[in-house]
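Residue numbers (numbering that gives the first Met the number 0), protein chains in the order written: chain Y, 0 to 553; chain A, 0 to 553.
Be aware that a few hints might be false.
Remember, identical chains collapse to one label, so a pair may be satisfied in a single copy or spanning two.
Calculated cross-link-like contacts (lysine-lysine; reagent style DSS-like; alpha-carbon spacing at most 25 Å) [to be verified]:
#1 LYS179 - LYS322
#2 LYS175 - LYS8
#3 LYS175 - LYS7
#4 LYS322 - LYS175
#5 LYS106 - LYS322
Hints in this document: simulated from the structure, not taken from any laboratory.
Given next are the chains, with one letter for each unit.
There are 2 protein chains.
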Amino acid sequence: MSFFEAHKKMIDEAIEAARSRAFWSPFSEIPSRRIYGDSAPDDGEAAFLKLLNRPFEIDQPTTGEMVGDENALYGTPLGIQYPAPDIDGIITASQTAGTAWANVPFKERIGILVEALVRLNHRSFEIGHAVMHTTGQAFAMAFQAGGPHAQDRGLEAVIYAHEELSRIPAPITWEKPQGKRPPQIVHKAFHARPKGIALVIGCNTFPTWNSYPGLFASLATGNSVIVKPHPRAILPLAITVEVLREVLAEAAIDPNVVTLAVDTTDSPITETLVSHPAIGIIDFTGSSAFGNRIEQEACRGVRTYTEKSGVNNILIDSSDDVKGMANNLALSLSLYSGQMCTTPQNIFIPEGGIQTDQGHITFDDAVRQITEAVSTLLADDQRAMGILGAIVNADVRKRVEDSQNDPGVALMARPIVNPATGKICSYTPTCCVLEASDTAVYGQEQFGPLFYIIRTRDTDHALELIEKLVREKGAMTFGAYSTDEAILRKTEATALQGGVSLSCNLTSSLMVNQAAAFSDFHGTGANPAANASLTDAAFIAGRFNIVEIRHDNS
Amino acid sequence: MSFFEAHKKMIDEAIEAARSRAFWSPFSEIPSRRIYGDSAPDDGEAAFLKLLNRPFEIDQPTTGEMVGDENALYGTPLGIQYPAPDIDGIITASQTAGTAWANVPFKERIGILVEALVRLNHRSFEIGHAVMHTTGQAFAMAFQAGGPHAQDRGLEAVIYAHEELSRIPAPITWEKPQGKRPPQIVHKAFHARPKGIALVIGCNTFPTWNSYPGLFASLATGNSVIVKPHPRAILPLAITVEVLREVLAEAAIDPNVVTLAVDTTDSPITETLVSHPAIGIIDFTGSSAFGNRIEQEACRGVRTYTEKSGVNNILIDSSDDVKGMANNLALSLSLYSGQMCTTPQNIFIPEGGIQTDQGHITFDDAVRQITEAVSTLLADDQRAMGILGAIVNADVRKRVEDSQNDPGVALMARPIVNPATGKICSYTPTCCVLEASDTAVYGQEQFGPLFYIIRTRDTDHALELIEKLVREKGAMTFGAYSTDEAILRKTEATALQGGVSLSCNLTSSLMVNQAAAFSDFHGTGANPAANASLTDAAFIAGRFNIVEIRHDNS
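Let the sequences and hints guide you as you build the complete structure.
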């Protein structure tokens with residue numbers, strides 16, 4: 000039985016879910032022994048530990064050197080060395096493998112990719128540890144976002160590719176009447192021609208979640224892929240590449256369809272790969288500066304799919320559950336120390352205060368309820384560490400330390416010490432209260448545990464500021480609280496005009512940061528934060544072209 | 000009854016045709032009184048003549064000046080003056096109209112566009128004359144390509160937009176189980192947000208056929224459009240804009256959804272429009288130099304769809320109908336004086352000759368059969384003029400005149416005089432025989448009635464040369480003649496590798512130049528001749544983004 004047949008039920012359900020966008024997730028987000036097996040947590044951790052302090056073997060063209068310089072954010076140095084890629088060799092191997100891969104019938108490709116996702120799912124605990132130690136995410140998030148949620152996103156991309164490829168017309172005999180003359184009879188066949196080689200550039204914070212959509216979309220559409228992990232978060236993608244190559248080899252396909260190109264912070268290879276003429280597609284997650292650089296490659300016909308940075312905003316107009324709102328925001332602001340691209344940064348509140356279920360409350364009251372909710376949430380150091388995880392790099396650390404002296408500080412950061420190492424691993428968020436005119440501060444992305452509450456004249460004023468920010472700086476998310484239907488309609492219009500998705504009145508367990516595969520689109524591609532959306536038709540359709548072969552049979 | 004309901008049958012048939020790509024055309028290509036009405040030819044000509052030597056009224060923001068400097072390729076000066084656009088005014092008007100247009104339900108938009116296409120079809124004779132006089136096409140082609148075939152392509156784009164927009168998920172209440180806690184219940188709605196303003200830049204040779212796909216695709220996906228015709232071929236697009244504005248106004252929609260931005264050769268406005276920050280989409284047909292300039296706008300997130308120039312090739316390996324082949328090529332090479340982007344330029348023949356139904360024939364024999372077929376086809380001046388039409392500009396004229404002195408001339412051009420004007424309007428094609436090493440000549444696009452026959456070592460050699468040309472110079476078409484299945488498979492592989500569509504063994508009435516809407520894809524987007532294909536999903540999907548609005552109802 001082919002992999003496609005073996006996974007037919009999952010594929011059919013996924014197609015239906017992608018169409019209806021009703022809740023569906025094939026890979027359980029709960030790190031439970033009942034679901035993943037009694038020994039899964041221990042086996043996963045053991046497997047992770049076994050990888051440390053040794054070479055990670057991948058049989059692909061290499062210079063012979065071994066490199067590796069990963070984060071050790073929980074005090075455990077990874078000490079893993081990866082084969083340094085011979086770039087010309089990798090490109091050539093990728094081209095050769097890609098030519099054959101393009102000719103594999105697309106359902107066969109899709110079967111192989113689903114099988115790989117299922118095997119990755121079985122390694123979710125191991126991947127969870129790899130993600131935790133390289134990104135600083137607490138284990139619960141690292142498991143969830145790095146494992147099943149990333150796998151869901153990968154499957155979503157595969158399914159969207161299945162939909163696009165299924166729409167390519169079948170071969171046909173075309174018959175055009177010619178009046179009294181015999182008809183034109185032409186046999187026509189339509190082939191999807193991949194654009195490849197595709198380059199996937201991973202980020203430090205979400206190495207799998209942000210890479211899987213592009214990786215699996217490119218593979219499903221017949222492109223060979225070179226995976227270039229962030230030099231500080233290699234292992235999660237190395238495991239991914241290993242699993243893909245294993246399944247490819249079992250299917251008697253050249254495993255160089257997927258290769259791993261590791262580099263170090265000191266000796267980066269990204270620029271060489273990005274500007275290589277053999278690269279036809281680039282998926283990138285990272286800084287705006289480098290993302291904008293990558294988008295320049297579009298000028299020579301490279302398809303670029305970027306997720307860069309932005310400034311995410313929350314509008315508070317009124318609320319019928321101010322406590323729920325404050326608690327919901329507190330968790331959104333704190334999760335992974337504010338290091339998600341979807342974390343809110345700016346909260347806009349009218350200077351005259353807001354109507355709530357507690358009656359009218361003043362601006363200062365509103366600020367206090369939010370900052371107190373953050374303090375309460377993170378009061379216990381151990382619990383705080385489970386929510387905040389670790390700061391991913393020295394820049395973020397410095398930013399939050401410096402912010403203590405900022406004007407308008409309404410909530411001071413508190414260092415959280417990892418008891419295992421005795422060192423500070425993160426900080427509870429700083430909050431500063433700013434005026435609407437302080438755009439120099441809140442108009443820039445301040446990545447990390449740092450948020451602003453901005454005093455506006457009124458809600459219309461806030462909407463104006465937000466639309467301008469979204470258009471100029473970009474945004475991945477936008478949240479709003481209002482009990483007034485007219486204000487909600489106006490806020491929706493602002494979201495549509497600005498080109499950012501909107502979450503209204505989140506007061507329970509759903510966070511504005513969260514985007515579920517098969518239902519929520521992640522990013523819109525309509526503002527400067529990202530030129531692509533996970534996953535819409537545009538994310539897939541550009542990865543191949545249609546070449547027609549016709550034979551005159553008149 | 001809405002326009003959508005009124006045209007439901009045509010729309011349903013079109014959807015089915017786009018899926019199956021079996022023959023279907025709603026707009027008859029035959030300029031017959033029986034089909035278009037007894038008085039249609041005369042009425043159309045009269046309507047055209049009535050437009051001459053007077054202002055063309057369009058009620059849109061203007062500087063107050065009137066401009067116009069169109070071709071008069073059959074001796075009739077058009078003398079039409081158009082309102083010069085006030086560019087800032089047009090942009091503002093387009094933005095205002097676009098905001099409302101985006102909110103019109105997409106089926107309503109599609110109904111309006113189909114109605115406009117039907118009305119344009121009723122004006123096909125008038126448009127045929129406008130296309131003939133501005134492009135130099137003979138009337139039969141001007142009617143067919145400028146009228147019904149362009150309308151078919153416009154409808155195809157509308158239908159592809161219908162398909163893409165239909166795939167956007169309907170609003171849904173998403174319910175995620177939360178174990179023992181109550182489920183997350185979230186209402187989600189998904190909105191298509193147009194990228195607009197869209198700019199459509201027309202070309203001199205096919206002002207409607209090449210502009211309609213982008214124009215109608217952008218309109219259908221909710222973008223307002225500014226149409227910038229070539230300064231020498233304005234009238235066909237002015238009529239198009241007039242019809243669209245008329246239908247929009249009847250539907251009580253701001254007609255500035257479509258505006259016309261006319262300029263002159265001496266005082267061009269294209270660069271100002273292309274680099275304007277309000278432009279989000281550009282469709283362009285024209286030179287590679289300016290097309291490459293336009294693709295630079297992709298770096299700032301503008302979606303560009305370009306058709307530029309290339310070098311089209313024919314491989315001759317063998318034939319079981321050498322006479323049919325020669326006659327077919329003769330017409331392909333001669334139609335509209337070789338001024339189609341799809342006209343073959345280079346014919347590759349092995350030096351050892353070819354196997355045919357006439358037995359083995361030498362290289363020189365093969366050359367002679369092709370050049371004789373051209374001479375025979377165009378022996379009669381009046382018939383020649385009906386096939387060749389008129390040379391579109393002085394550059395092409397100079398190129399063909401200069402080519403008489405080229406080395407290897409195997410067929411001299413013969414001037415064709417338009418009896419109505421007593422002036423040369425075109426030339427029968429020049430043919431030069433070249434060596435494979437003469438890439439400096441045949442490796443460049445030589446637009447106009449000029450083709451090359453290139454001597455190769457063998458068929459493999461020809462395939463190598465062709466693949467290199469396609470990759471480096473681009474190609475819109477590729478034709479091959481062979482009776483050998485293995486050679487045909489190899490040729491197909493070359494076409495796929497190079498990224499160009501292939502037509503095999505055309506010996507009857509189908510020309511390699513021809514691409515039928517709803518069946519043939521025009522261009523692949525996979526080689527430098529064009530970054531887009533008419534019409535695939537990628538041609539539509541980038542014209543809008545999806546913005547999600549979710550409300551927590553937990």
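When no copy is specified for LYS106 and LYS322, does a C-alpha distance of 25 Å or less occur within a copy, between copies, both, or neither?
neither (50 Å within a copy, 43 Å between copies)
Between LYS179 and LYS322, at a C-alpha cutoff of 25 Å, which is it: within one copy, between copies, both, or neither?
between (80 Å within a copy, 22 Å between copies)
Measure nothing new, just compare the shortest in-copy and cross-copy C-alpha distances for LYS322 and LYS175 to 25 Å and report within, between, both or neither.
between (69 Å within a copy, 23 Å between copies)
Can you tell me if LYS175 and LYS7 fall within 25 Å by alpha carbon in one copy, between copies, both or neither?
Between copies, since 24 Å is at most 25 Å while 38 Å is not.
Given a CA cutoff of 25 Å, do LYS175 and LYS8 count as a within-copy pair, a between-copy pair, both, or neither?
Answer is between; shortest inter-copy Cα gap is 21 Å, intra-copy 41 Å.
In this structure, the one hint that does not hold is number 5.
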